[in-house]
Amino acid sequence: MFLNRGRENAVSAVAGILALCSLFLPFLLLRPSRISSGAPVMWWRIVPPTVLVGGAAVFFFFLFLPFIVRRGPRPAVIQGLLGNILGFLVFFAGGTAAARLAAEAGEFARVSLAGGSWLMLLAAYILIVSAIKNLPAQKSVSAPKHPPAGESLPAGESLPARESLPARESMPARRIWTLSFAGGALAGITVLALAGQLDNLSLLREFYGRQDRFWGELWNHLGLAGGAVGAAVILGVPLGMLAFRVKPLRKIILPTVNLVQTIPSLALFGLLIAPLALLSREIPFLRQLGVQGIGWAPAVLALTVYALLPITRNTYEGLGLIDPSLREAGRGTGFGAVQLLIHVELPLALPVILAGVRISFVQAIGNTTVAALIGAGGFGVFVFQGFGQAVPDLILLGALPVIVLAVTADRLLGFLIGLIVPRGLRLGEEAA
Amino acid sequence: MIRMEGVSKRYGDVQAVRDISFRVDKGEVCVLIGPSGCGKSTTLKLINRLLSADSGEIFVADRNIKEFRPELLRRNIGYVIQSIGLFPHMTVAENIAVVPRLLSWEKERITRRVDELLELVGLDKQQYRSKYPAELSGGEAQRIGVARALAADPPLLLMDEPFGAVDPLTREALQQEFIKIQRELKKTVVFVTHDLDEAIRLADRIILMRSGEIVQSDSPERILSRPRNRFVRDFVGTDRVLKRLSRIPVDRYMLAARRITLRAGGKSTEHRPGRGRNFFWVTGEDGRLLGWVDTRSLDGRHPVESVMTRIDPKTDALSRGATLREALSRILSRNVRTIAVVDADGRLVGEIGLSRIEKATGEVK
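Chains as they are written, first to last, in this note's numbering: chain A, 1 to 432; chain B, 1 to 365.
Bear in mind the hints are in silico, worked out from the structure with no lab data behind them. Keep in mind that this is a model prediction, so the values were computed, not measured. C-beta atoms are modelled at their ideal positions from N, C-alpha and C, and glycine is treated no differently. Incorrect hints may appear among the rest.
[Unchecked claim] To give a feel for the contact side, a few chain B residues facing chain A, derived at Cβ under 8 Å:
| no. | residue |
| --- | --- |
| 1 | E71 |
| 2 | I81 |
| 3 | A134 |
| 4 | R148 |
[As the list claims (entries may be wrong)] Each pair of labels, with its calculated beta carbon distance range:
| no. | chain 1 | residue 1 | chain 2 | residue 2 | range |
| --- | --- | --- | --- | --- | --- |
| 5 | B | V14 | A | A337 | 25 to 31 Å |
| 6 | B | L332 | A | A337 | 42 to 48 Å |
| 7 | B | D286 | A | G418 | 53 to 59 Å |
| 8 | B | R63 | A | P255 | 43 to 49 Å |
| 9 | B | F59 | A | P255 | 44 to 50 Å |
| 10 | B | S21 | A | E317 | 43 to 49 Å |
| 11 | B | A344 | A | A337 | 45 to 51 Å |
| 12 | A | G290 | B | R69 | 34 to 40 Å |
| 13 | A | E317 | B | K66 | 33 to 39 Å |
[What the hints assert, rightly or not] Sample of chain A residues with no beta-carbon within 10 Å of chain B, all distances over it, derived:
| no. | residue |
| --- | --- |
| 14 | L23 |
| 15 | P40 |
| 16 | L204 |
| 17 | F214 |
| 18 | V344 |
| 19 | L348 |
The whole structure should be built from the sequences, with the hints applied where relevant.
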């Protein structure tokens, strides 16, 4: 009856095993001070063993319910709910325990999540992703229509066909499930953090220690990545058009932007120090602008060069994908070269170009982390400080926001592109 | 309107067009035809300077086309291509308005013109204005393509296999539409096709090309009846008589139909059975064709309705605009000797039989 249950059950099994294993790894890490090495804290020291065993029993009961009964709640829904509850509980228990341990161990003690917690969170993540992915396939199962009693159709023949029927009426319901699965745990954790429940976790202690700096580096990070992508759009789109239009230039432009990508970012930053320092010394205007061998100038320059490839290549490809007959029709009806570009070619290539911008931006957010090494700022500052001081939680304070930023930017741009792309083109895609 | 003098064009080693000269008069439909690679499309594109000639001169309205900037020249020449080339990101209205916008017409004038053109090509303006090309059928898209070409009312229209990409039924409808529009607008048209039936149907003059040269340039009738050489004869094929029939409209040879009109109340026949006549057409009071009736059944005792055979004018009668070729094929396929001709509203206007078609083939030889 449930076509996807096999796969979902496998996911449930993997997540269950991970969750089970995580119980035998340390839950928390307790350090007397910020930089001293820590002592692992096992789960049963925090959670009473009876609660632990009871909770695990309930968890596994629901997780494997679809194994046992062939009917009942949809596996995806169970997975989504369990994943969210699991994720929330890890943070809730972690926060509570951290408060207690910190009170016992003194002012300088640090408590952070350890291997067991991370593994448990991984299990929760797997469950949530599987739930979101498998919801669509379950749509029509929510409203099964059984054949009239008189007809005796072999189940194997009739049911798969019905499952592939689109069930439009359940689309809004699906959206709500997806949103609550994706956002439920996040919202819960945010509420915990705002309520101060997590304040004693080391990560947040690091955060509270440098709150102003954190928000400053957020803007730095976005400014560097955004500025670089902006410059790359201004440069890359014309370069792509040039590569498309002028054959001899194509053989120079495309390999060059390709080659640049292969240079390690650290090396590129380093390479730029000397020439920029020279420029800054020779040209007072640039010096006044703040151009130096280190700082934002080489960072934006290098990031721009990295961001060029997806934009240039996608502009080139996007223009190449345009049906030649449209170009002929445009020229034949009396468009000049520039008018053709503005009214026909660019709008038609727009979806592909914007996809390139999206890739560039996500990439740039990651690359910007390294820019901290040459004094440009951004979340990399925390990462490298953390390395330097051997404080893992400080590294996390830099790394986690970068991940969040990249994912958010990706989703946001995807959404915006959906709004910008001309309606006629979206219709064409649906038809194709 | 168009004059070509000794025009040649080559692509690399291939001589696409070799020293051709011809002229197209104002209001004339000139069809360029020939096997693929004969240079017909190239010739067309030389006229609006999508390609430029290597040698020779081309005049449009007595001015050498080199005097114009290509874009300005093209805005005054309508252009329709096989793949239609509607811009997928623009609505139907925006597609039609492309040239008027390039010519910076005022907004209201453009809106008015778009509506006019939609009406002209037989599409409902309310319904189609804001549709996108992806929402159109092939035939509809092709109509919009023609509307776009006509938008700025250019005196000259270039059409490059415009009906090549649609199914045969739609193609026939589009051809009829084209004939109707052309009768109304009297544009000068250069039309490229590889479909001889289409050429014979639409052309005032056919220019048959081979390997970049003109083989014969003549009226369709003369191409069919006096092929200049073996190539033309082969190209025209063995069914020349049939092809000629497709040049002759049915109303030129149809005869008045003898009919019985049904009056309200159900009685009343007007015509007495005549000599040599074994059936009558039956029409309603409004003249609409309802069916036919055998004279032997008209014994005066039974009402006509009860003895007549009902037919559907849409499938069992010919439209007034049909050709003798269609009449013949309809007669043969229905296995009858005579077929009724009706107007657009289904009113009986005449009839045509095998003997009349025979007479026509005799006359046009």
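We went through each hint and held it up to the structure:
no.	hint	verdict
1	E71	holds, 5 Å
2	I81	holds, 6 Å
3	A134	holds, 4 Å
4	R148	holds, 7 Å
5	B:V14 / A:A337: 25 to 31 Å	holds, 27 Å
6	B:L332 / A:A337: 42 to 48 Å	violated, 55 Å
7	B:D286 / A:G418: 53 to 59 Å	holds, 56 Å
8	B:R63 / A:P255: 43 to 49 Å	holds, 48 Å
9	B:F59 / A:P255: 44 to 50 Å	holds, 48 Å
10	B:S21 / A:E317: 43 to 49 Å	holds, 44 Å
11	B:A344 / A:A337: 45 to 51 Å	holds, 46 Å
12	A:G290 / B:R69: 34 to 40 Å	violated, 48 Å
13	A:E317 / B:K66: 33 to 39 Å	holds, 37 Å
14	L23	holds, 55 Å
15	P40	holds, 60 Å
16	L204	holds, 49 Å
17	F214	holds, 43 Å
18	V344	violated, 6 Å
19	L348	violated, 6 Å
Consistency with the previously given hints fails for numbers 6, 12, 18 and 19, ordered from lowest to highest.
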